[in-house]
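S.K.: As a plain string of letters, each chain reads:
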Amino acid sequence: GAGVSQSPSNKVTEKGKDVELRCDPISGHTALYWYRQSLGQGLEFLIYFQGNSAPDKSGLPSDRFSAERTGGSVSTLTIQRTQQEDSAVYLCASSKDRVGKAFFGQGTRLTVV
Amino acid sequence: DQQVKQNSPSLSVQEGRISILNCDYTNSMFDYFLWYKKYPAEGPTFLISISSIKDKNEDGRFTVFLNKSAKHLSLHIVPSQPGDSAVYFCAASARGGYQKVTFGIGTKLQVIP
Chain R
1 GAGVSQSPSN KVTEKGKDVE LRCDPISGHT ALYWYRQSLG QGLEFLIYFQ GNSAPDKSGL
61 PSDRFSAERT GGSVSTLTIQ RTQQEDSAVY LCASSKDRVG KAFFGQGTRL TVV
Chain Z
1 DQQVKQNSPS LSVQEGRISI LNCDYTNSMF DYFLWYKKYP AEGPTFLISI SSIKDKNEDG
61 RFTVFLNKSA KHLSLHIVPS QPGDSAVYFC AASARGGYQK VTFGIGTKLQ VIP
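Chains R and Z, in that order, are what the protein sequence lines are. For the first sequence, my numbering assigns the number 1 to the initial residue and increments by one for each residue that follows. For the second sequence, my numbering assigns the number 1 to the initial residue and increments by one for each residue that follows.
Note that these hints are calculated values from the structure, not bench results. Keep in mind that a hint or two might mislead.
Short, incomplete list of chain Z residues facing chain R, as computed with Cβ under 8 Å [as the list claims (entries may be wrong)]:
1) L34
2) E42
3) G43
4) F46
5) F89
6) I105
Lysine-lysine pairs mimicking DSBU-like chemistry, simulated, CA-CA at most 35 Å apart [what the hints assert, rightly or not]:
7) R:K101 with Z:K56
8) Z:K56 with Z:K71
9) R:K101 with Z:K5
10) R:K11 with Z:K54
11) R:K57 with Z:K54
12) Z:K100 with Z:K5
13) Z:K71 with Z:K54
14) Z:K54 with Z:K100
15) R:K11 with Z:K56
16) R:K15 with R:K57
17) Z:K54 with Z:K68
18) Z:K108 with R:K17
19) R:K11 with Z:K100
Using N, Cα and C, we set each Cβ at its ideal position, and we do this for glycine too.
Let's have the full structure, built from the sequences with the hints guiding it.
M.R.: Structure follows, in structure tokens:
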């Protein structure tokens, strides 16, 4: 497709379970971001991938959070042992190298019960 | 450490009037600035951008002003329409470097019919 695709669009999980969120960026975009937006809050940066460089993980809130980007394309955000405070909309975005404009996916709404 | 600050969490404006959304930044390396618009249950969408070599960029009803000496930018919407009601995010990046786009926490605009 032409845009950033995220799956699933909604995910309900039990506290303590692991979840994986997927992001398919726009083809050819070398930069990929993960953000989350909790209810009533702004965009919280999680992690940033740029080409083959080491990712910027400075926004990951705890070691339960990790992300991979395979082959410079698809990315998976994994949350282990989910907690209720992990409930949020997780947004993925991608951009071309050296162009700041990022394109967002529709997000994955995660609810931890 | 909020490098991009949107100090007004919300703004209400009458239809037909001007909406002014403000943004301040602290990182002097930022040289490319963007505004995004977000409706509920959707990902943010790019609205307008400005390079640091300019102090104004206009696109239809939307104009972004950049004051580099004050490290301040603003988005003007005129005339405001009810469909403009959304959350507006200011963002910035340093094009010569790592390209990571840093977002503010957003300002919720309500345009009253």
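S.K.: Each hint: holds or not?
M.R.: A quick look at each hint next to the structure:
no.: 1; hint: L34; result: 6 Å, holds
no.: 2; hint: E42; result: 6 Å, holds
no.: 3; hint: G43; result: 3 Å, holds
no.: 4; hint: F46; result: 5 Å, holds
no.: 5; hint: F89; result: 6 Å, holds
no.: 6; hint: I105; result: 3 Å, holds
no.: 7; hint: R:K101 with Z:K56; result: 17 Å, holds
no.: 8; hint: Z:K56 with Z:K71; result: 14 Å, holds
no.: 9; hint: R:K101 with Z:K5; result: 19 Å, holds
no.: 10; hint: R:K11 with Z:K54; result: 43 Å, violated
no.: 11; hint: R:K57 with Z:K54; result: 32 Å, holds
no.: 12; hint: Z:K100 with Z:K5; result: 16 Å, holds
no.: 13; hint: Z:K71 with Z:K54; result: 13 Å, holds
no.: 14; hint: Z:K54 with Z:K100; result: 21 Å, holds
no.: 15; hint: R:K11 with Z:K56; result: 42 Å, violated
no.: 16; hint: R:K15 with R:K57; result: 24 Å, holds
no.: 17; hint: Z:K54 with Z:K68; result: 9 Å, holds
no.: 18; hint: Z:K108 with R:K17; result: 34 Å, holds
no.: 19; hint: R:K11 with Z:K100; result: 28 Å, holds
Consistency with the previously given hints fails for numbers 10 and 15, ordered from lowest to highest.
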